Structures are given as structure tokens and as C-alpha cells.
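Asker: Read in full-length UniProt numbering, the sequence shown has 75 at position 75, and its numbers run on one by one without any break.
Think of the hints as simulated: they come from the structure by calculation, not from any bench.
Note that the coordinates shown come from a computational prediction; the quantities given were computed from them, not determined experimentally.
Honestly, I wouldn't trust all of these hints.
[Claimed, not checked] Capping the alpha-carbon separation at 35 angstroms, the derived lysine-lysine pairs in DSBU-like fashion look like this:
hint: 1; residue 1: Lys143; residue 2: Lys209
hint: 2; residue 1: Lys209; residue 2: Lys108
hint: 3; residue 1: Lys167; residue 2: Lys143
hint: 4; residue 1: Lys167; residue 2: Lys209
hint: 5; residue 1: Lys176; residue 2: Lys143
hint: 6; residue 1: Lys209; residue 2: Lys176
hint: 7; residue 1: Lys143; residue 2: Lys108
hint: 8; residue 1: Lys176; residue 2: Lys108
hint: 9; residue 1: Lys108; residue 2: Lys167
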Amino acid sequence: MVKQKLHQMSILFMYSLTFQRFYNHVFTKLVNPDINTFSMLFSILRCGSRYFKKSLSVLESAGMFWLIFAGILAVIMLLAAFDFNRFRIKWTSKDGRQLSGDCPPPMKRRYMTVEQLRQYDGTDADGRICIAVNGDIYDVTRKRELYGQGGPYGLFAGRDASRCLAKFSTEMVHIKDTYDDLADLTLSEINSLREWAMQFAQMYPCVGKLLSSSDQADFRTDDEEEDSSLSDCDFDDQ
Numbered sequence: 001m002v003k004q005k006l007h008q009m010s011i012l013f014m015y016s017l018t019f020q021r022f023y024n025h026v027f028t029k030l031v032n033p034d035i036n037t038f039s040m041l042f043s044i045l046r047c048g049s050r051y052f053k054k055s056l057s058v059l060e061s062a063g064m065f066w067l068i069f070a071g072i073l074a075v076i077m078l079l080a081a082f083d084f085n086r087f088r089i090k091w092t093s094k095d096g097r098q099l100s101g102d103c104p105p106p107m108k109r110r111y112m113t114v115e116q117l118r119q120y121d122g123t124d125a126d127g128r129i130c131i132a133v134n135g136d137i138y139d140v141t142r143k144r145e146l147y148g149q150g151g152p153y154g155l156f157a158g159r160d161a162s163r164c165l166a167k168f169s170t171e172m173v174h175i176k177d178t179y180d181d182l183a184d185l186t187l188s189e190i191n192s193l194r195e196w197a198m199q200f201a202q203m204y205p206c207v208g209k210l211l212s213s214s215d216q217a218d219f220r221t222d223d224e225e226e227d228s229s230l231s232d233c234d235f236d237d238q
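All chains, full assembly: derive it from the sequences and hints.
Answerer: Have a look at this one:
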């Protein structure tokens with residue numbers, strides 16, 4: 001009798017630990033869940049409770065193998081039911097801007113000055129975030145948690161991050177409000193910047209080139225039907 005009770009307690013502990021991890025991974029990220037979210041979660045918990053009651057008697061007689069198998073299956077069922085893409089769960093910041101979910105539509109490539117780049121710091125309604133790296137401009141909106149306000153690299157949003165990346169620094173002193181020609185960088189810093197530029201080209205869509213303030217801004221966008229997710233930003237200069 002005591003052995004059976006201990007076995008039941010171990011099963012209950014496993015399920016409680018599973019639900020705790022699920023809560024920490026998913027629930028704490030939902031800042032403003034709506035009523036549909038609560039209804040869906042209640043259905044998941046109710047189904048999980050029914051599954052637990054039916055599986056408990058099986059687990060008591062099937063041994064450790066079925067105990068582990070049933071635990072893994074329960075976690076998979078919960079995660080599959082709580083499908084973020086299907087239910088399109090979104091959470092917002094205090095000012096109502098969307099922090100996660102769908103990104104704005106692809107941006108056509110264009111030339112920008114430093115002043116124009118500042119418009120894409122993530123504070124507009126669409127939340128688009130662009131940063132410049134070694135003369136090219138990248139749309140990093142899908143990584144709002146990194147480059148958005150409050151993120152570890154939030155100071156790069158709408159800015160030329162080249163000097164900071166070259167120096168492996170996140171200090172605001174290296175961010176300039178005017179065009180930075182990077183002429184005073186050392187050879188080692190230039191090589192580091194080029195490596196960063198290669199990484200950005202592989203990870204994010206290139207949406208333009210950065211112009212100096214003395215250049216005449218070209219507001220022309222690509223008329224050709226070209227996927228802006230391509231990292232090749234070699235434009236035909238006019």
C-alpha cells in the first residue's frame with residue numbers, strides 16, 4: 001500500500017513539474033491575453049486532466065518505461081495544442097505596440113540618409129526596425145527582442161551600428177547623429193566590421209544603402225519585382 005502511494009506521488013510530481021515548465025515557458029510571456037486565450041487554455045487543461053486520469057491506472061502497472069513515454073507524450077500534446085501560429089497569439093508593450101507576431105510587409109530597397117534611417121527605430125505603428133552596417137541597411141524587425149526598445153541592442157535601432165560593431169561595443173558614444181565615414185577605424189576593426197556585415201547579410205533582408213548627408217538622396221524604389229529578402233544590395237548608382 002505504501003509503495004503504491006509513493007508511486008502515485010511520483011507520477012503527480014512529474015506532471016506538476018511538466019505543467020510548471022510549460023507555464024514558465026509560455027504563460028509568463030503573455031502580457032495581455034484575451035478571453036479566447038483563457039478559453040483555449042481551460043480546454044487544454046481539461047483535456048489534460050482527462051488524459052491524466054485515464055493514464056494513471058496504466059502507468060501504475062506498466063513500469064518506468066511507460067511512465068517516461070506517457071510524460072513525453074503529454075508534453076508534446078500540450079505544446080501541439082498551444083500552437084502559436086494557428087491561434088496567432090500576440091502580446092504588446094505598455095504603449096500598445098506589437099512586440100511579437102507578424103512582421104510588416106517586405107520593404108522595397110532604397111537609398112537613405114542618416115536622418116531617414118532614424119524613422120525606422122521601431123516606434124512607428126508598424127514597428128519596423130532597420131539598422132545600417134558597413135553602408136548597407138538591414139530590416140531586423142523580426143528580432144524586436146534584440147533591437148527593439150529595451151533590448152540589449154536597442155540603441156542600434158534606426159542608426160548606423162557600424163562603429164559599435166567594429167569595436168565590439170554597445171556604448172552610445174560610438175553612435176553618431178551624422179554620417180560616419182569610419183575613416184579612423186584600424187585594420188583590425190575594419191576586418192571585424194566586414195565579418196559582422198557578412199553575418200547580417202545572411203540573417204536579415206537588405207533593404208537599402210546608407211548615403212552621406214552631402215549626397216543627394218534617391219527616393220526611387222525598385223520597380224522590378226524583386227524579393228527584398230535578398231541580401232544583395234548592389235544598386236545601380238545614378
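Asker: Taking the hints in turn, state whether each one holds.
Answerer: Hints versus structure:
1. Distance check on the hinted pair: Lys143 and Lys209 sit about 20 angstroms apart at the alpha-carbon level, within 35 angstroms; holds.
2. At roughly 12 angstroms between alpha-carbon atoms, Lys209 and Lys108 fall within 35 angstroms of each other, so this suggested pair holds.
3. Distance hint between Lys167 and Lys143 is fulfilled; the C-alpha atoms sit about 22 angstroms from each other, no more than 35 angstroms.
4. Restraint check for Lys167 and Lys209: satisfied, since their Cα atoms lie roughly 21 angstroms apart, inside the 35 angstroms limit.
5. Proposed proximity of Lys176 and Lys143 is supported: the alpha carbons are some 23 angstroms apart, at most 35 angstroms.
6. For the hint linking Lys209 to Lys176, the alpha-carbon distance of about 17 angstroms falls within 35 angstroms, and the restraint holds.
7. A C-alpha spacing of about 19 angstroms is found between Lys143 and Lys108, which places the hinted pair at or below 35 angstroms, so the restraint holds.
8. A distance of roughly 26 angstroms separates the Cα atoms of Lys176 and Lys108; the hinted pair therefore holds under the 35 angstroms criterion.
9. For the hint pairing Lys108 with Lys167, the CA-to-CA distance comes to about 30 angstroms; that is within 35 angstroms, so the pair holds.
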